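Protein chains: 6
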Amino acid sequence: MKKIDKGIGKSALQLVLANSDEIEEAETHMKDSDFIYCLGKTGSMELQKVVSAIETAAKRNAVIDEELYREMHALYHAILEALEGVTRGQVSLGDVMRTVGLRFSVVRGRPYENEAEGEWIAVALYGTIGAPIRGLEHETTGLGINHI
Amino acid sequence: MKKIDKGIGKSALQLVLANSDEIEEAETHMKDSDFIYCLGKTGSMELQKVVSAIETAAKRNAVIDEELYREMHALYHAILEALEGVTRGQVSLGDVMRTVGLRFSVVRGRPYENEAEGEWIAVALYGTIGAPIRGLEHETTGLGINHI
Amino acid sequence: MKKIDKGIGKSALQLVLANSDEIEEAETHMKDSDFIYCLGKTGSMELQKVVSAIETAAKRNAVIDEELYREMHALYHAILEALEGVTRGQVSLGDVMRTVGLRFSVVRGRPYENEAEGEWIAVALYGTIGAPIRGLEHETTGLGINHI
Amino acid sequence: MKKIDKGIGKSALQLVLANSDEIEEAETHMKDSDFIYCLGKTGSMELQKVVSAIETAAKRNAVIDEELYREMHALYHAILEALEGVTRGQVSLGDVMRTVGLRFSVVRGRPYENEAEGEWIAVALYGTIGAPIRGLEHETTGLGINHI
Amino acid sequence: MKKIDKGIGKSALQLVLANSDEIEEAETHMKDSDFIYCLGKTGSMELQKVVSAIETAAKRNAVIDEELYREMHALYHAILEALEGVTRGQVSLGDVMRTVGLRFSVVRGRPYENEAEGEWIAVALYGTIGAPIRGLEHETTGLGINHI
Amino acid sequence: MKKIDKGIGKSALQLVLANSDEIEEAETHMKDSDFIYCLGKTGSMELQKVVSAIETAAKRNAVIDEELYREMHALYHAILEALEGVTRGQVSLGDVMRTVGLRFSVVRGRPYENEAEGEWIAVALYGTIGAPIRGLEHETTGLGINHI
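Protein chains in written order, with my numbering: chain A, 1 to 148; chain B, 1 to 148; chain C, 1 to 148; chain D, 1 to 148; chain E, 1 to 148; chain F, 1 to 148.
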C-alpha cells in the first residue's frame with residue numbers, strides 16, 4: 001500500500017551531495033518530479049543563523065507558505081532533526097567551540113502512493129563541522145523528515 | 001594544507017544511497033580509491049543488534065582489526081554518531097516503539113592530503129525508521145566520522 | 001490573525017488533571033467544543049507500553065486514523081514530546097529504575113482561527129513517577145502538540 | 001503511609017492554567033492550604049532570563065530563602081526539570097530560533113502525610129513556544145518537583 | 001560564609017580511586033570525619049542493576065533511610081548525575097552495546113560551614129566502560145551531589 | 001593482554017584532585033611516568049571559554065600538536081566528554097544560569113601494555129558548579145578519554 005517509492009529523503013540528500021558537475025543533472029531530475037525544492041549554503045558558529053538561513057530560503061522559494069504556522073512548524077522540526085545528525089549529541093555550535101559550513105536542501109512533495117498521505121517535507125544538510133580554524137574539520141550530514 | 005579532498009564521508013554516504021543499478025559503479029569507484037570499506041544491511045527494534053551488525057561486518061571484512069581496542073573504539077564512536085542522525089534526539093528504538101531497516105557502510109582511509117593526519121573511519125547509515133508496522137515509516141540517515 | 005483561542009493544550013491538560021468530581025464537567029465541555037478526544041490510564045516501567053497504550057486508545061476511539069501514516073506520525077511525535085516532560089532528561093523508565101502511573105488524553109481539533117491552519121493534536125500526561133515501590137514517587141506532567 | 005494527597009504539582013499547574021476569572025478561586029484555594037506560593041509571567045528568547053525571572057520571584061515572595069544554598073539548589077533543579085517539559089528535547093530557546101511566553105508558579109509545602117518527608121517545591125510553567133513571530137506558536141507546559 | 005571546606009565530593013572520589021594499599025587510609029580518614037559513607041562494586045550491561053546496587057548498598061549501610069522518600073529521591077538523582085559522567089551522552093549501557101565495571105561510594109554529611117545548609121549526599125563512580133569483551137575498555141568516572 | 005595498568009584516567013583525576021601540599025608529589029609521579037601532561041585552571045559562565053582554555057593549554061604545553069587535526073579532534077572529543085560529567089544533562093552553563101570554576105589536566109601516553117594500542121589522551125576536570133553567586137555551588141567532576 002504505502003511505500004516510500006519516490007524517496008523524498010534520498011532526493012534531498014542527493015541535492016546536497018552533488019558535485020558541481022552533478023548538480024545540473026540532480027536539479028533536472030527534481031524538476032521532472034512532482035517535488036518542489038530549494039537549495040542553498042550557510043556557514044556559521046551560531047546555530048540560530050543556520051536555522052534562519054534555511055527557513056528564509058524555504059520561504060523565498062515558496063517551498064513553504066510563511067503565512068501558515070502549520071507549514072513553518074513542519075519545516076522547523078525537520079530542520080532541528082537534520083541538525084541532530086549534524087551535531088551528533090549536543091545541538092550547539094559556538095557554545096562548544098565549533099563551526100559548520102553546510103549545503104542545505106528543502107524538498108516538498110507526496111512521497112507515498114496513497115494520496116491521502118498528503119505532503120511531506122525533507123531537509124538535508126551536508127558539509128563540514130569542526131574547530132573555527134580552516135582545515136580542522138570533517139564531513140557531517142543530517143536529514144529531517146516531517147508531514148506537512 | 002589539510003583538505004577533505006577525497007570525501008570519506010561522501011563516499012560512505014554514496015554507498016548506502018546507491019540503487020541496485022548504481023551500486024556496481026559506486027563499488028568500482030571505491031575499489032579504485034585508497035579507501036577500504038564494507039557494506040551491509042541490518043534491521044531491528046533493538047539498537048544493540050544494529051551496533052553489533054555493523055561491528056561484525058567491519059571486523060569480518062577486515063576494515064578494522066578487532067584485536068586492537070583503539071580501532072574498535074574509533075569504530076564504536078563513529079557508529080554511535082551515525083545513530084544520532086538516525087534517531088534524532090533519543091538514541092533508542094524499541095523502548096520508544098520504533099524500528100529501523102538500514103543499509104550501512106564503513107569506510108576507512110586517509111582523507112587528508114597531509115599524510116600525518118593518518119587514517120580515519122566513516123560510518124554511513126540510510127534506510128527507514130518508523131512504527132513496527134509495514135509502511136508506517138520514513139527515511140532516515142546518519143554519518144559518523146572519527147580518526148583511527 | 002492566528003490565535004490559540006481554543007486552547008487545545010489546556011483542554012488536554014484539564015482532562016488529565018480533573019478529579020473524579022470534575023471529570024464529568026471537563027468531558028461535557030469537550031463534547032460542546034469542536035475537539036474530539038480520548039482519555040485513559042497507563043502505568044508501566046516499560047516506556048514502550050506507555051507509548052503503545054496511548055496509540056491504541058487514540059486508534060480505538062477514532063481520534064486518529066491508523067490507516068494513515070501522517071496521522072500516526074503526528075501522534076507519535078506528540079507522545080514523545082509529552083514524555084520529555086514526564087521523564088525530564090532521559091526518555092527512559094525501567095532502565096533507570098523508575099516507573100510511572102499516568103492518566104493520558106489525546107485531543108484533536110482546529111485550535112487556530114485561520115481555517116487554513118487545519119487540525120492539530122495534543123497529548124497530555126499527568127500522574128506519578130518514582131521508584132518501583134509504592135509511595136516513593138512524585139507528580140509529573142507532559143504536553144506534546146503537533147500539526148496533523 | 002506516604003501519599004501525594006495534597007497534590008503540590010497539581011496545585012502549581014492549576015495556578016498557571018487558570019483563566020482570569022478562575023485565578024481568584026485558585027489563589028483563595030492556595031491560601032487556605034498549607035502551601036506557600038508565588039505566581040508570575042516571563043517571556044524571552046534567552047533561557048537565562050526565564051530561569052532568572054522565576055528565581056527572583058521565588059526569592060522576593062519568600063517562597064525560598066536565598067541565603068540558603070540548599071533551597072536555591074532545590075529550586076534550580078525544579079526549574080530546569082520544568083524547562084525540559086517546555087523545550088522537549090534541547091533545553092535551549094534563541095539558539096534554535098524560538099521564544100517563549102510563560103506563566104510560572106512556584107509552590108512550597110508538605111505534600112506527604114508523613115511529616116518526616118518534610119518540605120517539597122514544585123515549579124509549573126504554561127504558555128506558548130514558537131518562532132519569534134507573533135502567532136507562530138503553540139502551547140507548552142512543564143512541571144518540576146524536588147525535595148527542599 | 002558558605003564554603004565547601006570538607007569536600008564531600010572529593011572525599012567520595014578518593015574512596016573510589018584508592019588502590020588496595022591506599023583504601024585503609026582513605027577509610028580511616030572518612031571515619032575521623034563527620035561524614036558517613038559506604039563503598040561497593042558493581043558491574044553490568046544493565047543500567048538498572050547499577051542503580052539498584054548503589055541504592056541497596058546505601059540502604060543496608062544506613063547511609064540513607066529507605067523509609068523516607070525524600071532521602072531516596074536525593075540519592076536517586078545523585079546516582080543519575082554520576083551516571084551522566086560515566087556514560088557521557090546517552091545514559092544507557094547494553095542498548096548501545098557496552099558494559100561497565102565500577103567502584104562506587106555514597107557519602108553523606110554536612111559539607112558547608114553554615115549549619116543551616118544541612119546534609120548533602122555525594123555519589124562517586126570510577127571504573128571501566130567498554131565493549132562486552134575483556135580489555136576493550138577504558139576508564140570512566142562520575143560524581144553526583146544533592147542536598148538531602 | 002591489554003590492561004589499563006598505568007591508569008591514564010586516574011592519573012589525570014589525581015592531578016586535579018591534589019591539594020596544594022599533594023600537587024608536588026602528584027607532578028613528580030607524572031614526570032617519572034611515560035605520560036606527558038599539563039595542568040591549569042579556568043572559570044567561566046561561557047562553555048566556549050572553558051573549551052578554549054583547555055585546548056590552549058594543551059597546545060602551549062605541547063601535549064598535542066595543533067598542526068594535526070587528528071590530535072585536535074581527539075582532544076576536542078575528550079574535553080566534551082569530560083564536560084558531560086561536569087554539566088550532567090545539558091552541556092551548557094550561562095544559558096541555564098550557572099557558572100564553573102575548574103582545575104583541568106590533560107594527560108597523554110600509552111596506557112595499554114600492547115604497544116600497538118598507541119597513544120591515548122585523558123582530560124580530567126574538578127571544581128565547582130553553581131549559581132553566579134559566591135558560595136551557591138557544589139563540587140563537580142568529569143573525565144574524557146580518547147585514542148589519539
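If you're looking for bench data, these hints aren't it; they were derived computationally from the structure.
Wrong hints could be hidden among the right ones.
Stretch-level coverage of chain A by chain F, calculated; a stretch enters the list once three of its residues show a Cβ under 8 Å from a Cβ in chain F [said to hold, decoys possible]: (1) 87 to 98; (2) 128 to 137.
Using 30 Å as the maximum straight-line C-alpha spacing, the simulated DSSO-like pairs for lysine-lysine come out as follows [what the hints assert, rightly or not]: (3) C:K49 to B:K49; (4) B:K49 to B:K31; (5) F:K49 to A:K49; (6) B:K49 to E:K59; (7) C:K49 to C:K59; (8) E:K31 to C:K41; (9) E:K49 to E:K59.
Computed from a prediction, not measured in an experiment: that's the story for all the values here.
Every residue, glycine too, gets a C-beta built ideally from N, C-alpha and C.
**OP:** With a cut-off of 30 Å on the C-alpha distance, tell me whether K49 (chain E) and K59 (chain E) pass.
**Re:** At roughly 15 Å apart (the allowed maximum being 30 Å), K59 (chain E) and K49 (chain E) satisfy the hint.
Subject >> Outcome, coverage of the segment 87 to 98 of chain A by chain F - at least 3 residues whose beta-carbon is closer than 8 Å to one in that chain >> reply: holds (count 8)
Original post:
Going straight from one Cα to the other, do K49 (chain C) and K49 (chain B) come out at no more than 30 Å?
Top reply: holds (21 Å)
**OP:** Decide if the proposed pair is consistent with the structure: K49 (chain C) and K59 (chain C), CA atoms, cutoff 30 Å inclusive.
**Re:** This hinted pair holds, its Cα atoms lying about 15 Å apart.
Subject >> Coverage of the segment 128 to 137 of chain A by chain F (three or more Cβ within 8 Å) >> reply: It holds: at least three residues are needed, and the segment 128 to 137 of chain A offers 5 whose Cβ sits within less than 8 Å of chain F.
**OP:** For the pair we were handed, K49 (chain B) and K59 (chain E), check the Cα-Cα distance against 30 Å.
**Re:** violated (36 Å)
Original post:
Do the alpha carbons of K31 (chain E) and K41 (chain C) lie within 30 Å of each other, as the hint requires?
Top reply: Violated. K31 (chain E) to K41 (chain C) sits at ~49 Å, over the 30 Å cutoff.
**OP:** Measure nothing beyond the straight line between the CA atoms of K49 (chain F) and K49 (chain A); if it is 30 Å or shorter, mark the hint as holding.
**Re:** holds (21 Å)
Original post:
Do the alpha carbons of K49 (chain B) and K31 (chain B) lie within 30 Å of each other, as the hint requires?
Top reply: Since the Cα atoms of K49 (chain B) and K31 (chain B) sit roughly 28 Å apart, the hinted pair holds (cutoff 30 Å).
In this structure, the earlier hints numbered 6 and 8 are contradicted, and the remaining ones agree with it.
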